[in-house]
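Each protein sequence line maps, in turn, to chains A and B.
The numbering used here puts the last residue of the first sequence at 206; the count rises by one with no breaks.
The numbering used here puts the last residue of the second sequence at 1292; the count rises by one with no breaks.
Worth flagging that the hints you see were computed from the coordinates, not collected in a lab.
A portion of the hints provided could be inaccurate.
Stated by the list, open to error - Straight-line Cα separation of at most 25 Å, BS3-like style, residue types lysine-lysine; simulated pairs: (1) K116(A) - K1123(B); (2) K1141(B) - K1105(B); (3) K1100(B) - K1111(B); (4) K123(A) - K1130(B); (5) K1130(B) - K47(A); (6) K116(A) - K1141(B); (7) K47(A) - K1066(B); (8) K1218(B) - K123(A); (9) K1277(B) - K47(A); (10) K17(A) - K84(A); (11) K1141(B) - K1100(B); (12) K1110(B) - K1148(B); (13) K1065(B) - K1075(B); (14) K1100(B) - K47(A).
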Amino acid sequence: MNKKNLELFGLSEGATKEDVTSAYETLRAKYLEERFMDGEVGNNAAKMLTQLENAYNDLMRELSENAAAEDGDSSFTRVEELIKDGDIAEAQRVLDSFNERGGRWHYLQSVVFYRKNWMNESKKQLEIAIQLEPDNDKYKDAYKKLNEKVNYDASRSATGEQQTVYEGQTMNSQQDNQMGGNFCASCIECCYINMCINCLCNACCR
Amino acid sequence: MFGYIQPDSPYLFKKDEKLYQALYCGLCKSIGFGCGQRARTALTYDMAFMSALIHNIRHEDVEIKKARCAIHWFKRRPIAAIDDTFVLLGCINTALAYYKLCDDKADGDKKAVFRHLYKKGLKRALKRHKQAVEIIDEQMKAQAELEKAGCAIIDMACEPTAVMMQRLSAYALKEYSTPATEALFYDLGKWVYLADALDDYDKDVKKGRYNALYNAYKLPLKAEAVAANREEINFMFDSLFADMRLRLSEINFKFNHDLTDNIILRGIPLKTRSLVKCECKKKGVKNEQKKS
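Next comes chain A alone, as it looks inside the complex:
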């Protein structure tokens, strides 16, 4: 492990993840307090915060990589467990430590993105997974569900207790068939105001 990073936290070789996390949290709390002080102390604290952040991420990645190398295939199950427990950040870290990235990796990455609400990336990863393993029904099923979720029906919420008078819209929603062709009053208003300003300005210039 990087010695500099370890020294920053006041730890030595062989430190576990828990050690690093607890040291990181105490130091971070300290600098967060100091950050708003005047002068050199505040500046220094802000600098240290970014350093801490980087060092922490580096260390955690290294530790995860070690763990992944030891566990081998069982890492996939670990990611699944982490996702189930809701520890998305840790799941991402374990995924990042993989070297071989097959269909299953892309599928799990897609699930992680989905949980983070990164829909676009989730869809892309799932598409890659399907491309790599076209026969896997699980991926196809997930892809179908993902696309269905987009069309989450507003009527479903309307049947619940909290009925709303407005229906949800999508990017392809059409304007209603309104008499008068959705006449836009604000355009006319804008013209009218322009006209008034024009009149006023001309009156001043003369």
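Given chain A, work out where chain B should sit, using these hints.
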């Protein structure tokens, strides 16, 4: 980043329009009370919308009275009374305006001198709600760093702004904060960032500034980028709208929520469609022809 949250006004009930105005005025007064008179110039309807959402989720009523104010001294207007939630949102509004202008300064925008207007307001906000200002400070810095690194993944570029909104909502709602409210505010933050990127696409490209969509699509005109990636853009926004609808149905409101429903269910998709459609399409094509 401000001014994208708008209601679909032809569909807005009169009662909600009045409420919206009253909240807007109440927020303005609260900013004056909490952060000083100068900070009142940063007032936005976006925050009035947030105040409607947060009051309702926190099961707090607002007291509306007719009163005059310095700008509208002629006619008495319905104004919501100052309360803690308004003051908190006022502080957030001031801090956001200040950091936004600081961000502009880094981009070399001349508008940035106005940030001195809010410096004092920020100090007062810091005194009242240090934690909220810290959240904004932290996430704005993270955002700037991502932009500096030239992040080309759209979802990743939205993350800091979205997380900022999520954490601010958790701070404002306190014991009423649930996973559903956090997710809704996350979506709102993400949408605001995307709307901003979409709106400023051509301007950013021209001035050589960072734009998340440009970095992802690498096309010089918004019209081209939208035409080439229509499916992806539609999916991106539709999934966002769908998630907002889902979260909205999970949230426990005290009062009726027609105002916020109008904005989230109609106003936001409407605004997105108008941004994506981009009226400047023909003009852009013409310019392109001239160049060639």
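Of the numbered hints stated previously, which ones are contradicted by the structure, given in increasing order?
1, 4, 7, 9
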